[in-house]
Amino acid sequence: MAAGFLLIHAKPGRAWSVALSWFLFLAGIGAYLWVAQARHRENPEDRVTPTVAQMAKGMYNAVMQPAEEDEQAAVEGGFLTRLSRSMLWKDTRATSRRFLYALVLLIPAVILGLHMGLFPYVGEFFLRFVLFFDKIVALSLLPILFIAFGIDELSKIMLIVIGVTPTIILDSFNLTRGVPAEQVVKAFTLGAGDFDVAYRVVLKQIAPRVLNSIRLNLKAVMLFLFAGEMIASQDGLAYRIALLRRHMGMDVIIPYVLWVALLLFLVDLAMRTVNRKLHPWFTEA
Amino acid sequence: MLWRFATLLFLAASAFAQKPSFTVGWSVYAGWTPYHYMNKSGILRKWADKYGIAIKVQRFDYAPSLDAFVAKNIDACTMTNMEALDMPAASGVPTTAILVGDYSNGNDALLVRGGLQLKDLAGKKMLLVEKTVSEYLFDRAMTINGLRDQIKRVRMINTSDSDIATAFIGDTSASAVVTWKPMVSQIAKQKGVTSLFNSSQIPGEILDLTVVRTDVLARPDGAGQKFAKALTGAWYEMLAQMKDDKVLAGIAEGSQDTVASYKEQLSTTKMFYSPKEAADFGASADLKAKMALVRQFCFEHGLLGANTKAVDDVAIRYPDGTVQGKSDRVRLVFDVSYMQLAAQGKL
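In order, the protein sequences belong to chains A and B.
Throughout, this note's numbering is defined as the position within the first sequence, counted from one, plus 16.
Throughout, this note's numbering is defined as the position within the second sequence, counted from one, plus 12.
Chain A on its own, in the form it takes in the complex (with noise of 0.2 Å):
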């Protein structure tokens, strides 16, 4: 290692940057074991920093047997039986389907940006009022999607909906007037039509970008839909996660938020492969 390794030219080499990449993971994973194991020397029932073996049991206990409020009668039957009728699974399940709607619900957001920032009237009509919304801070409204939602699916998608789409809106609404106004004109010398231009000529060139802005909001998503299952809800992942917070289960918490990180992480994966497959002139970010 020559002087200058911290400088902007240096290359680190496979093994340092193997070592450095995962040096934080260690650090962080052999931090908690130490505090872990302290903590238990001094009290063996502390509930606050679980041991490994107590989550790997914990974890265990959540894929494969059924949750508590479930008939008890299910644990018989093969691996796969017992998996999908396990806590993890019903809680993933119930997690994901919100999740995907959501999702969906994203995509008239994107369309609506398009048509703002291409049609004048649309625009004018409501470009102020979404300005103004984005900036309104969803959770405090709760009381009134209750009012309006119900306390079922709707209120929890539309919580989603309301706090994330108006960021999409303004996004895909900012990306469309970067298309340069010369492409428009000329699409339109060769003869295409206002949805031509619209459909065929912006949305191709805007949908990587959009479809990135989606990934990065996934968190906020997530973050949404995590406060409205801790707020009202009979499952999901942090219905479960509210719940055993109420008698200190980390043995179990922890797990379940390393799951959902993964989870996230794969869908991040998924969106970022799809992106690359549909869009391969895309390089930029």
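Possibly wrong hints are sitting among the right ones.
As the list claims (entries may be wrong) - Straight-line C-alpha distance at most 25 Å; calculated DSS-like pairs for lysine-lysine:
(1) B:K275 / B:K300
(2) B:K136 / A:K106
(3) B:K136 / B:K201
(4) B:K258 / B:K238
(5) B:K31 / B:K84
(6) A:K106 / B:K137
(7) A:K106 / B:K258
(8) A:K106 / A:K73
(9) A:K73 / B:K321
(10) B:K58 / B:K201
What the hints assert, rightly or not - Heads up, incomplete: computed chain B residues facing chain A, CB under 8 Å, no partners named:
(11) A83
(12) E142
(13) R167
(14) M168
(15) S172
(16) D173
(17) A179
(18) G182
(19) D183
(20) S187
(21) A318
Quick caveat, the hints were computed from the structure, so don't treat them as lab data.
Since the model is a prediction, treat every value here as computed from it, not as a measurement.
Where a beta carbon is used, it is the ideal one built from N, C-alpha and C, also for glycine.
Once you've looked at the hints, dock chain B against the given chain A.
Okay, now just chain B, sitting in the frame of chain A:
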């Protein structure tokens, strides 16, 4: 001059440092809000000075106050008998209840829409904060009415207490709700809502306590004992003043409430105003019978933790020395000695 000032500062600092300091956490509830006034009016400071210690008072939301107590960030905390058992005691933080403040005498209630009866609730939607005294109340209501086998068939929806009133009022598809005051009062005002069961039908089962960590009480320098005595002294001096409307207004202010609303909440709270009453209740056989129900409920619902294999693993010791559970695993202690000292005027 500068030297003198520096010395003075040093002396003040060291005096401050030598004084053992303790923190009490409380959360908004009719029986606990007096802590706000006790701190503000100087009653607590007077008693702390008498015992040569410093006592800080900190307001929390309920769940974080429990977390802070379990994490040993605070020395004393207000909580119900159920949470004392399933949070600190079951997490291996031995806990001693030194003050029995009151019991819920109608503060918690099960309300329904459209004139339903308990037997009609199977298959209906019910909002409540699961795994708390609300679920306990519901469990008891069904058990007392011989409907125990139907409990599982009610569709419980875990709902945060901060939104439960609007959620129930707004969503007419929810048939029942279990919650506590002041939300109960708001919901009961709605048309067509009736109360099916409330905590006055299970008197003394939902107790509101002030608990101290047992290791704080056992501090070798004896400061923990002083802390418990100062707290008890201040508490009963506080309660003795609660007939005065001005004092009640000062207390209500602690939860941004009006005197009228606070009085209404007190009407369904059985406060133990005199230390003798409280100590007698704490030493009664009745308390044991009630705690037996509570700990069985906690165990059945897994609230004592996944590692607790038997209900006896989290044992409770009572003032007469009897132990519920394994005697080598006492985690919760009811200690009436401080209340008795207060009753005898010996604090």
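Next on the checklist: Hint by hint, where does the structure go against what was stated? Just the numbers, ascending.
Outcome noted: 1, 4, 7, 10, 16 and 20
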